[in-house]
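Position chain B against the provided structure of chain A, taking the given hints into account.
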Amino acid sequence: MDAVDLARLQFAFTVAFHFIFPAITIGLGFLIAIAETIRWRRNDEAWDRLARFWTRVFALTFAVGVATGVVMEFQFGTNWSRYSTFVGDIFGSPLAAEAILAFFLESTFLGILLWGRDRLSSRLRWFSALMVSAGAALSGLWIIIANSWMQTPAGYEIQGDRAVLTDFLAAALNPSTLPRYLHTIAAAVAVGAFVMVGIAAWYLLRRRHADVALRSLKLGLAVALLSSAGMFLTGDSHARQVADTQPVKFAAMNGLFETDDGVPMIIFAFPPSEDGPADLPELAIPNLLSLLTRFDANATIEGLDAYPRDVWPPVGATFTTYHLMVGLGALMLLVMLLAVLAWWRGRLERWRWLLLALIVVTPAPLIAVQLGWATAEIGRQPWIVYGLMRTVDGVSPIVSAPEVLVSLVGFGVVYLVLAVLWLFLVRRAVLTGPEPARTANAAEVLP
Amino acid sequence: MIALADIWYLVIGALLVGYAVLDGFDLGVGMLAPLVGRTPAERGLLMRTIGPVWDGNEVWLLTLGGALFAAFPLVYATVFSGFYLALMLLLLGLIMRAVAMEFRHQVETARWLRAWDAVWWLGSLLPALLLGVALGNVARGLPLEGGQYVGGLLGLLNPFSLLVGLTGVAMFAMQGASWLVLRTGGEVQARARRLGRYAWAAFAALWVLVTLYAVVDAPSLWSNYGQPVLWLAPAGFVAALGLTGWALWRGTSDRQPIVASSLTIIALISVLGQALYPALLPDRNGSAGLTVLNAASSQTSLTVMLVIALIGMPLVLGYTAFVYRRFTHKVEEADSAYG
Chain A
1 MDAVDLARLQ
11 FAFTVAFHFI
21 FPAITIGLGF
31 LIAIAETIRW
41 RRNDEAWDRL
51 ARFWTRVFAL
61 TFAVGVATGV
71 VMEFQFGTNW
81 SRYSTFVGDI
91 FGSPLAAEAI
101 LAFFLESTFL
111 GILLWGRDRL
121 SSRLRWFSAL
131 MVSAGAALSG
141 LWIIIANSWM
151 QTPAGYEIQG
161 DRAVLTDFLA
171 AALNPSTLPR
181 YLHTIAAAVA
191 VGAFVMVGIA
201 AWYLLRRRHA
211 DVALRSLKLG
221 LAVALLSSAG
231 MFLTGDSHAR
241 QVADTQPVKF
251 AAMNGLFETD
261 DGVPMIIFAF
271 PPSEDGPADL
281 PELAIPNLLS
291 LLTRFDANAT
301 IEGLDAYPRD
311 VWPPVGATFT
321 TYHLMVGLGA
331 LMLLVMLLAV
341 LAWWRGRLER
351 WRWLLLALIV
361 VTPAPLIAVQ
371 LGWATAEIGR
381 QPWIVYGLMR
391 TVDGVSPIVS
401 APEVLVSLVG
411 FGVVYLVLAV
421 LWLFLVRRAV
431 LTGPEPARTA
441 NAAEVLP
Chain B
448 MIALADIWYL
458 VIGALLVGYA
468 VLDGFDLGVG
478 MLAPLVGRTP
488 AERGLLMRTI
498 GPVWDGNEVW
508 LLTLGGALFA
518 AFPLVYATVF
528 SGFYLALMLL
538 LLGLIMRAVA
548 MEFRHQVETA
558 RWLRAWDAVW
568 WLGSLLPALL
578 LGVALGNVAR
588 GLPLEGGQYV
598 GGLLGLLNPF
608 SLLVGLTGVA
618 MFAMQGASWL
628 VLRTGGEVQA
638 RARRLGRYAW
648 AAFAALWVLV
658 TLYAVVDAPS
668 LWSNYGQPVL
678 WLAPAGFVAA
688 LGLTGWALWR
698 GTSDRQPIVA
708 SSLTIIALIS
718 VLGQALYPAL
728 LPDRNGSAGL
738 TVLNAASSQT
748 SLTVMLVIAL
758 IGMPLVLGYT
768 AFVYRRFTHK
778 VEEADSAYG
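Chains as they are written, first to last, in our numbering: chain A, 1 to 447; chain B, 448 to 786.
Don't read these hints as lab results, they were simulated from the structure. The beta-carbon is built from N, C-alpha and C at its ideal position, and this holds for glycine as well. Treat the hints with caution; some may be incorrect.
Said to hold, decoys possible - Some chain A residues near chain B, calculated using beta-carbon distances under 7 Å:
(1) 73
(2) 74
(3) 81
(4) 88
(5) 99
(6) 100
(7) 103
(8) 107
(9) 108
(10) 158
(11) 160
(12) 168
(13) 169
(14) 273
(15) 274
Unchecked claim - To give a feel for the contact side, a few chain A residues facing chain B, derived at Cβ under 7 Å:
(16) 70
(17) 85
(18) 235
The following block holds chain B by itself, in its conformation from the complex:
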């Protein structure tokens, strides 16, 4: 029988998927904007492709934080306090991005626009990088003493996690470029497609590197894969990655790259989730770490939360789908600006 805590393990994974897929392209667009958009006007157009949806997309991260707090409070407390300065930097990035999104178009002088383009770029790159580094550290496991992480900021900057951070940056860039292929046309779209190919190649190469490095640095990640049925997810990942490459090089419609790239992200997070289970935070000092068994909230709390999620999430998915159906047209230069 599947326990409630297992369901919440899946829900946390699903929220991570929602965030990585949806805000993933927002972050990617922000990172790529200086390269894809040659003029302030072009960068304004890029911003408009994510304008109506970025705010809702970011809520997936807030929901992830809240759900982790509610379902696995020990993980929330240990990871968030353990990653203190890294998370403060992540918050700084998210603040910069949020403000850039809403303030950039308020004033039309060249200096103002250039300044906010820089803030937007950094505010997109920082979260993308830091989320990867954080996830790398979680996957690799932290040295825990009495349930607390004791390694400090420098302990987080190990080669494996930095590599995962770069992989994340490449993945979000791929996702962002794929989104731009869908939402733009002409010269801008051609540039986005070209950058998407580079990002795809970088992501594929980094992923191979991370996987090989994990053999040495995080062998526990391989232990679950003794069961053949679990190889479905990695196989799916490789297939989706291949499909994304095909869509970016030889695709027949502008919709294909973003669909394939999103599938790639879903598969990658599934691969990671299977590798970690039942741990949410492995312990490098040898104990079981924080797992669905020892870190979950009470049955009452998990049940209540499940009811809230079952009522709320279908609604969220419903109106989100509605908004996406209306706002996936090509953005044109002549489109009315914000406000």
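Just chain A, with the same shape it has in the complex:
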């Protein structure tokens, strides 16, 4: 492997690992903000313990997110210096804005929420939780703005060998920012909700911490169902935007090699190769892709054949990650519909198999989120900035392959340790569970 491949591998690995954690904290932060609001308004003891418990899980996750996030901001400069020089005029500002407008907010209020909780009034504690959640969601917005500009650049002109900002709003609100942001946030909320639901279901199955677990399960279920449905709605409009702005990526996602009208939607197929679809059985719904994309069952959709081969993304990987993501999304929605049905029928605690299913699907949105990002980024190739700069041209010219190999192995080892520690501590926090209920006369019972 040469320096470019190693740099790509390192970026892919570090960003994929990093994104596990903010996805959880964006979602869980939102749920904690709701729980804190209920605790504060009702002055409720069970909701208080619930909020504390989930904040502990949040904190463990946030720590790893912070630790691995710093790496991302440095890596553009260390490994992609040509890219950084080319886009710095535009791409740097959202990163700086993220720190100023979001990350300070999230970090400062999380600090006092975690370390100084007992010195905070009830209202300030609620406010801190709210700011942490707002900071997390805003952080995501600026990162998505930066990423979306790489996908659908706007508001710039090329001067010499650099892209120069001409219109900030056009660059920030480029064609893919809003659809991508809504889709990502819906997915991140689902990630947090599924974690909450899964752990609560496990408690109920084991008949532990019933008061906190049942409240968590219901809160989690409501949010999980809404966000799963939201993922489809936002995904639908996001896909239409990709069809408009990155048609080659769209063709690869759908495994569409030849431009055609009345295009069917492939529900299941074996991964295609660069030479065409796999010659194996597939399941497709006639005309559906045309209908969903253009609101016309007979509409024409461009296939890969409309573009020269050297601007095709890797077709098999784009197609496969995309289809697996959608499949997982369907599974998530199905399970949550069933669970809400059980809730409605008052069977939530009695249908043990359902609790088991809820535990099993816990990581589903987390995997779907990773697959979705893989679709977005692999589908952007061979470009680092779509249509403007190729990935191979963005790398740091003076960083050698051995240097990247050293750092890549280093990240591999360190991140493995982080993953093990994080799993160990989250497992421990779950086994310990929420604090026991404080009864009013506890002081009198004690000797």
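Relative to the frame of chain A, chain B by itself:
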């Protein structure tokens, strides 16, 4: 007239000051913890003095990185790729520190605590040292060819920059000890004060050494000081340094050392900023290097960023000040632990 790029030169300096002053004491506390805290319980208490604020403090570094990327992309790209392995080590240190801060108190066994104390110490020392070495190399200038640094890792390990690295370690130790004087009491505070004096002496001595060495090794740093008005900053630095010494030896309140030490850091970075201007990265091969004139972003971009900073930073300073007002009491053994 002051150009936009000049304003951004000042903003970058201000962000560096914010980071060095605020995360400076976090790093210092981490470095000194094994010496100031004799038992795991004492070290846990030291960690609690920075617990509520360290995370927000680290964001100053992220903001610095982002602002450099946005305002001076050529500097960001050249320095970050040029310092490749050094920066990877810095990241390793920051990862270790972040995880130690949040994971240490999760399990209460002696082995667990001891292990994380070691990670915390190294995760504080590494960034302190490497930031100094990096800044030393920037101040001294890098050999540039076609806008790229070509000297490799070994080129960064020159005596001048290593000396600046040690100066940085001593400075952060002084800052950390001063913070502990404010936030602790009794035996622990006495130890912190004593270590603060050693750190002060080491810092003062190293600073004299670096300044003299700069005459030989980085003469360009002296060229701006032909203008007498610029001597205000060095004079301020010497005064603040003296004040810090006085506060650590004969101070009349626990607040004095951290205030004086912070002023010292502000003055030192001002001295450096004046020496470098208009360069952000001088070229040892003789060209002007990367300067506010040739490395800045477009006027549009700088204006937009300035608006964002003018909206955002007052808010940041506001809630940061609020948090500091609430969390500068003495930390007690009996204080509720985390969570």
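Hint check:
Taking 7 Å as the C-beta contact cut-off toward chain B, the hint placing residue 73 (chain A) at the interface holds, the least distance being around 5 Å. Interface restraint check: residue 74 (chain A) against chain B, minimum CB-CB distance 6 Å, threshold 7 Å, status holds. Because the smallest distance between the Cβ of residue 81 (chain A) and any Cβ of chain B comes to about 4 Å, under 7 Å, the interface hint for this residue holds. About 2 Å separates the beta-carbon of residue 88 (chain A) from the nearest beta-carbon of chain B, less than 7 Å, and the hint is met.
Evaluation of the residue 99 (chain A) hint against chain B yields a held restraint, the C-beta minimum of about 4 Å falling below 7 Å. Here the hint on residue 100 (chain A) is kept, as its CB sits about 4 Å from the closest CB of chain B, short of 7 Å. Interface restraint check for residue 103 (chain A): the shortest CB-CB distance to chain B comes to about 5 Å, inside 7 Å, so the restraint holds. With its C-beta approaching chain B no nearer than about 4 Å, residue 107 (chain A) sits inside the 7 Å limit, and its interface hint holds.
The interface hint given for residue 108 (chain A) is met, as the beta carbon of that residue sits about 4 Å from the closest beta carbon of chain B, less than 7 Å. A cut of 7 Å between beta carbons decides the hint on residue 158 (chain A): the least distance to chain B is about 12 Å, and the hint is violated. At about 12 Å, the closest approach between the beta carbon of residue 160 (chain A) and any beta carbon in chain B exceeds 7 Å, and the interface hint on this residue is violated. Below 7 Å, beta-carbon pairs count as interface contacts, and residue 168 (chain A) has one with chain B at about 4 Å; its hint therefore holds.
Proximity of residue 169 (chain A) to chain B is violated relative to the hint, the smallest CB-CB distance being about 9 Å (cut-off 7 Å). Taken as an interface hint, residue 273 (chain A) does not check out: its beta carbon lies about 36 Å from the nearest beta carbon of chain B, beyond 7 Å. The closest approach between the C-beta of residue 274 (chain A) and any C-beta of chain B is roughly 33 Å, which is over the 7 Å cut-off, so the hint fails. Taken as an interface hint, residue 70 (chain A) checks out: its beta carbon lies about 5 Å from the nearest beta carbon of chain B, inside 7 Å.
A distance limit of 7 Å between C-beta atoms decides the matter here; for residue 85 (chain A) the minimum to chain B is near 5 Å, and the interface restraint holds. Because the closest C-beta pair between residue 235 (chain A) and chain B is about 30 Å apart, greater than 7 Å, the hint is violated.
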